[in-house]
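Visitor: So the chains spell out like this:
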Amino acid sequence: MRKPLLGAIIPVSFLGLWEVSSRAGLLTLESLSRPSDIIEAGYAGLRDGSLLLATLQTCETALLGLALAAVIGIAVGTILGLAPTAERIAGPTIEALRPIPAIAFMPLALMMFGFGVGLEASIVAYACVWPILIVTISAVRAIEGRLLEVAAVLELPVWKRMTKVVLPAAFARINVGLRVAAAISLVVAVTIEIVLNPRGLGYHLVLAQQSLQIGLMWAQLVWLCLLGFVLNLLLSRLGGGSGLMWRPL
Amino acid sequence: MQPLRKTVGSVRPEKAEASALEVSGLTVRFGARTILDGINFDVRDGEFLCIVGSSGSGKTTLLRVLAGLARPAEGKVQFAGAEISGPSRDRAIIFQDYSKALLPWRTVRGNVALSLEARNVPASEQDAIVDELLGIIGLSRAKEQFPSQLSGGMQQRVQIARCLAQDPKLLLMDEPFGALDAMTRQSLQDEILQLVADKKIATVFITHDLEEAIYLGDRVIVLGGSPAGIMETMEIDLPRPRNQLTTREDGRFLAYRHRLFELLVQEHPPQAFEGKGQQ
Ligand SMILES: Nc1ncnc2c1ncn2[C@@H]1O[C@H](COP(=O)(O)OP(=O)(O)OP(=O)(O)O)[C@@H](O)[C@H]1O
Ligand SMILES: [Mg+2]
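From first to last, the protein sequence lines are chains A and B.
Residue numbering for the first sequence follows numbering that gives the first Met the number 0, beginning at 0 and increasing consecutively.
Residue numbering for the second sequence follows numbering that gives the first Met the number 0, beginning at 0 and increasing consecutively.
Hints were generated in silico from the structure; no laboratory data involved.
Keep in mind the model is a prediction, meaning the values are calculated, not measured.
Backbone N, C-alpha and C fix where the C-beta goes; we use that ideal spot for every residue, glycine too.
Some clues are possibly wrong.
Pulled a few chain B residues facing chain A out of the computed Cβ check, cut under 7 Å [to be verified]:
| no. | residue |
| --- | --- |
| 1 | I83 |
| 2 | P86 |
| 3 | R88 |
| 4 | A100 |
| 5 | W104 |
| 6 | R108 |
| 7 | A117 |
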């Protein structure tokens, strides 16, 4: 109970100072509204459902892209991790594709998918697949060789070998990649919405700014912060850094 | 105690019995270095074969070849009449480094059950088999514990239970009792003898401990030289079932021990022994 309270000192006194100095006429910037206005705008947004709908849209696409990246990244990463030859073949291609900023694919993705979920999810997936892929390769390679030999002696068929030995053994490390990717997914999704895609939190942020609803814009910004905070909290809970989380069968 | 006569044949194969495993002209190299050179031996059906040799002589390497986990540079290994092409569930191997051979995210029960899952034993039957094996190996109380919560000796026993659960025809054991205290060690020696006799499993057992080799084995092979070859094959003519007291007091037991000791000392002309004596 104490730690969260201590941690709240800075944000609360900051907000208080902001509110007071703004009411006292010390802060006159047009782009700054008062915390009370922000809360009001946020509350209105929550009540009419627009904020929640936008959140849902953003999260939906971010999650879809993340899931896509996870499936591809873990599957390909596992194969490359187990087969050094395949990794040597695919390695240079991966290194060439990886540094391309995902955002650079926006025009291409727009042509392919048009506005909407496909545009956004595909770019999110592109951005997220790399950390997952790279981490999976090294995680699989770091598996204790003895365990793979145990699987071999038991003649486990490929699927069982993956689900009963390889993935659980590599899970703790892969999980780190998933957490990094999850944080990226939200950033990329909102970016695409701000720049291009007319949906979700990013788009509403721009709308509020353009229609000079400064309070609402701030409310959405704060909301995004909270979202990122909660996401991070969820991910660190989920991870725990322990392979014991995984109990197939 | 039972009369000796009656019990002689419990593990010992009949004279004309077929070979479970045949090794001929086996040579193993790591890079340019030859580790094992021209190894010939066989393991008869149901036989308990022990291999002794100094550290680094290539015992583990030999066992890995028998398991199908390593490939020989030359020579042939035949199991049940067919040449070995890779690992098989019929040939269980108990690894020397037991702590690395267990799945850390599975409990003792889960680790043993892995073999049953591999054999597609229905889930409803798995518990009973696991319970029985853990009972035999003395781990019933640790069933729900994770390997990291177990002592070295207990981890090794989990590995033994898992190997038995895979229902092998050949059991390959690499210094399995090295980590155990004397009492546990002796009781496990007897358990293993009983188990492989009951299930008629042929066994290749590696150990540093000469007495252990004689106590357990139908034959003892001495590995030595560089590159290593078979220095001696010794038939152990001691009655079964073996008994921790009487067998070890048997005059033949002591003679075998004497002979093996001499062989290994000669293999290790070592100052190690003299040095200790001096100081
Ligand atoms: N993967 C490997 N690559 C290169 N050399 C190896 C490899 N594995 C073993 N060796 C060498 O082969 C020799 C035999 O090793 P091995 O592990 O078979 O000995 P060992 O008889 O089992 O010894 P110990 O009794 O200490 O377990 C050693 O000299 C070792 O250095
Ligand atoms: Mg060894």
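Visitor: Take the hints in turn and mark each one as holding or not.
Guide: Results for each hint:
Look at I83 (chain B): its Cβ only gets to about 12 Å from chain A, farther than 7 Å, so that hint breaks. Restraint check, P86 (chain B) versus chain A: the minimum CB separation of about 4 Å is within 7 Å; hint holds. For R88 (chain B), the suggested interface contact is upheld, since its CB lies about 5 Å from the closest CB of chain A, less than 7 Å. Evaluation of the A100 (chain B) hint against chain A yields a held restraint, the C-beta minimum of about 5 Å falling below 7 Å.
Using the Cβ-Cβ criterion of 7 Å, the hint placing W104 (chain B) at the interface with chain A is satisfied: the shortest such distance is roughly 5 Å. With 7 Å as the threshold, the beta carbon of R108 (chain B) stays out of range of chain A, its nearest partner Cβ sitting at about 12 Å, so the hint is violated. For A117 (chain B), the interface hint holds, the least distance from its beta-carbon to any beta-carbon of chain A being 4 Å, beneath 7 Å.
Violated hints, listed in ascending order, are 1, 6; each of the other numbered hints is respected by the structure.
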